[in-house]
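Peer 1: Here the structure of chain E is known, so what remains is to put chains W and S in place on it, guided by the hints.
One-letter residues, chain by chain:
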Amino acid sequence: MPQQIKRLVTAFAVFILMFLVLQQVLKPNSFGKLGHYRAMAIQENEARELHYAGSARCTKCHDEMHTDKAAGFHAQLQCEVCHGPGLKHVLYADKFKDGKLPDSLKLHKPDTRKECAICHQLNAARIKIVFDTVNNSMIKQVNALKHNLVDKHTKEELKCIECHNPHQP
Amino acid sequence: MVQHIQDLYEVLSKVDGYVYPNEIELNWSILIVLYPYITGLVAGAFILASLERIFNLHVLRPTYGIALLTALSFMLVATMPLISHLGKPFRAYEIMITPHLTSAMAIFGFVYLWYLMVVLLLEIWFDYRRDMVVWAGETKGLKRFLYKVLSLWTTDISPKAVALDKKLGYIVTVIGVPSAFLLHGYVGFIFGSIKANPWWSTVLMPVIFLFSAIVSGIALVMLVYIVLTRIRKLSIDMACLDMIASYLFYILIMDFVLEGLDQIHRIYEAEESFEVLHNLVFGRLFFTLFIMQGLFGTVIPLLTLGTLQFYKPKALIRKGIYLVVSVLILVGIFFMRWNVVIGGQLFSKSFYGYTTFKIGLIGTEGYLMAAVWLIVPFLILSFLLWLLPPWKKHEDDPDVQVN
Amino acid sequence: MEQKKSKLSRRGFFKAGSIIVGGIAVAAAFTPFDGILFATEPPKGKGKWYGIGIDINKCIGCGKCANACKLENNVPKEPFYFRSWVEQYTIKNDGSILVESPNGGIDGFKQTVPDQDIFKSFFVPKMCNHCAKSPCVQVCPVGATFETPEGIVLVDENYCIGCRYCVQACPYGCRFINPEKGTAEKCTLCIHRLEKGLQPACFEVCPTEARIFGDLNDPGSKINYFLKNHTCMVIKPNLNTGAKLYYNALSSEVR
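Protein chains in written order, with this note's numbering: chain E, 1 to 169; chain W, 170 to 572; chain S, 573 to 827.
Source of the hints: derived by calculation from the structure; they are not laboratory data.
A virtual CB, placed ideally from N, CA and C, is assigned to each residue, including glycine.
Errors might be hidden in some of the hints.
[As the list claims (entries may be wrong)] Stretch-level coverage of chain S by chain W, calculated; a stretch enters the list once three of its residues show a Cβ under 8 Å from a Cβ in chain W:
id : region
1  : 729 to 735
2  : 743 to 749
[To be verified] Below, simulated SDA-like cross-link-like pairs (lysine to any residue); rule was C-alpha separation at most 25 Å, straight line:
id : chain 1 : residue 1 : chain 2 : residue 2
3  : E       : Lys140    : S       : Lys705
4  : W       : Lys312    : E       : Ala11
5  : E       : Lys60     : S       : Glu767
6  : W       : Lys336    : E       : Lys60
7  : W       : Lys329    : E       : Pro2
8  : S       : Lys682    : W       : Tyr178
9  : W       : Lys312    : E       : Arg7
10 : S       : Lys692    : S       : Gln710
11 : S       : Lys705    : W       : Pro367
With the rest of the complex left out, here is chain E:
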């Protein structure tokens, strides 16, 4: 074999061999077990932190709210829709049964007009929506910027929840 061919073949062989070795060394362990990906990635995705607890956990302690709510229009609303993610709150309460909840773990109590308006502000796309097919009732729509804005007697700004109990609107 001519000299230059010998050298070239050696160089290429070394290169390819190095590549194959590196490939074996660098390839992640669980790669290819289920498909062309790291099977471990599924577990890693599953292991992420939760924030929403689910309303089943809420009713464990706040039973009265639940019964309150069940009678009204907001019956099918999950607690965390308005109060925000509550897993930390629940976990703390589970751990220290009688302990006082630190302020940072207290859940949000929405009381502004803006927060009610998120669902109830008049909107052409909302007007015909039937949400409760059993009672065939529509979602109540108001113009939150005008509807009973001020108390007639005291002339002070009114909040929605001063007239409507959010758990039994």
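Peer 2: Only chains W and S this time, still in chain E's reference frame:
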């Protein structure tokens, strides 16, 4: 990061119509414009070199070595814009370790490696091996060591061995032409295969990319050749330059026809995406598409080169015209890549609106970074010309004049 | 003797051959082409195969889903990064179409067109379609995004190189690059919640139960009930992505 978010708020205020919220940010920026641009220059320069070799076009001889070394210099940085734009650049090796076979980008890694290792390096090696052995004997120190390493410590320069080099080099060239086509056609496929994007998704994309690549590569070699003879204070080989210019003319016509065909097809079929693309072309893409790519990059070079086919002014004037035309074409093809890459992201996939492109001077995706990847190949080229000067090569054909 | 044997085997060959050919013909005639039924990929395998249903008639555009998604998954707060968002479509009397999604709908919607100019208006919640033939999975160069055996499209953020090819390939705009991590991010159908028997966050907080999900392989599942009893459609069916997010009452304007 903070700057990036601020930029996005600015872009948000300039959105026209509706774009999906995740589309406000342009994902592929100037670096991805450079990537097909640089790969195209490689493929084009190589194809010009191969013309000489395969079809025995001796008139192109003065540019053969320059074209090969130019191709190599750009090839060495071709993947750098791609890698430097990654969110996780240090994971880039995964493309080679676990390539996903259905992904055009993963296969590109192998196409690139094949082209670099098997085609370009081998062809240059066979072409220069004998000279490197000779030069290793004539030089000292580091340069001598470099020649030794690069020639893989071979010593055989018997006529038989040199003849073998020539023969093998020829075979590599023959393999190289389809490989160069593959390389750049493949870059086109990376865009052409995205069915979500109607501006990219066309079967003609690989072919258009290929022909624009050849155009840009030839223009680059022409430019390098003109500048190099100027620097070396030699008289230029006008026959060679005229020949390159006529090739440039014919391939530019083909490129123009293909791109025209693509647009005509688009206009005639007028699919769901037609309106949004129509407004894009006449709105946010007007300057780069019609002025930079169309007028300066295509029409003016076409008319000039076309005229020169019939009417030949004095050599000095022709040289000046070629210089200007090659620069115009290089700029034009850059904007062709720009219009594909950036243009394809300016409209929403909802077809209801447009976002804008904002680019900073600094940062990993800024103009400076892009400028670096355009300058580095020329530094590599200067180094290669110093190390492997084509004009100092030993020639077998005494009747062929080498500048 | 010799001849008889060969005759037998020849007969055997024809017999076997005709069974195979006939079998294929019969199988071909009776295998339903379910592709048309779903306008997408039919459910695969025997395990769970998740599908999602969204009832546009029930969506009130409160944006709670988009908000919950950001909180549950630590999605960057800026209005350029959404795994889930809500769009309002307003078709005006003059035929023009207005699409809006201010901050993905998280802060609620303000009606911007006066009532008398509106022909019709509706909300469309958007999220990953968990396509069975995902274009994003197809283009990932390293296998950092994939479909799980249960039909959920996930990103492996410890393997993603951040090339953004998948972002380009998604026809629905459901992916983005996390600006801090530099890797692709998208809806995981809250697989971390599913695994603990909980609903995904956006389903959890939907006040009108406009969103449902379930196992397409289970004939009694909510999603199959939903598909059976509604006129369902996927977005961009022409792209044949095998989308598994089915909308009830989807208007042709939605893209």
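Peer 1: Which hint numbers does the structure go against, in order from smallest to largest?
Peer 2: The structure conflicts with hints 3, 6 and 10, although it agrees with all the remaining ones.
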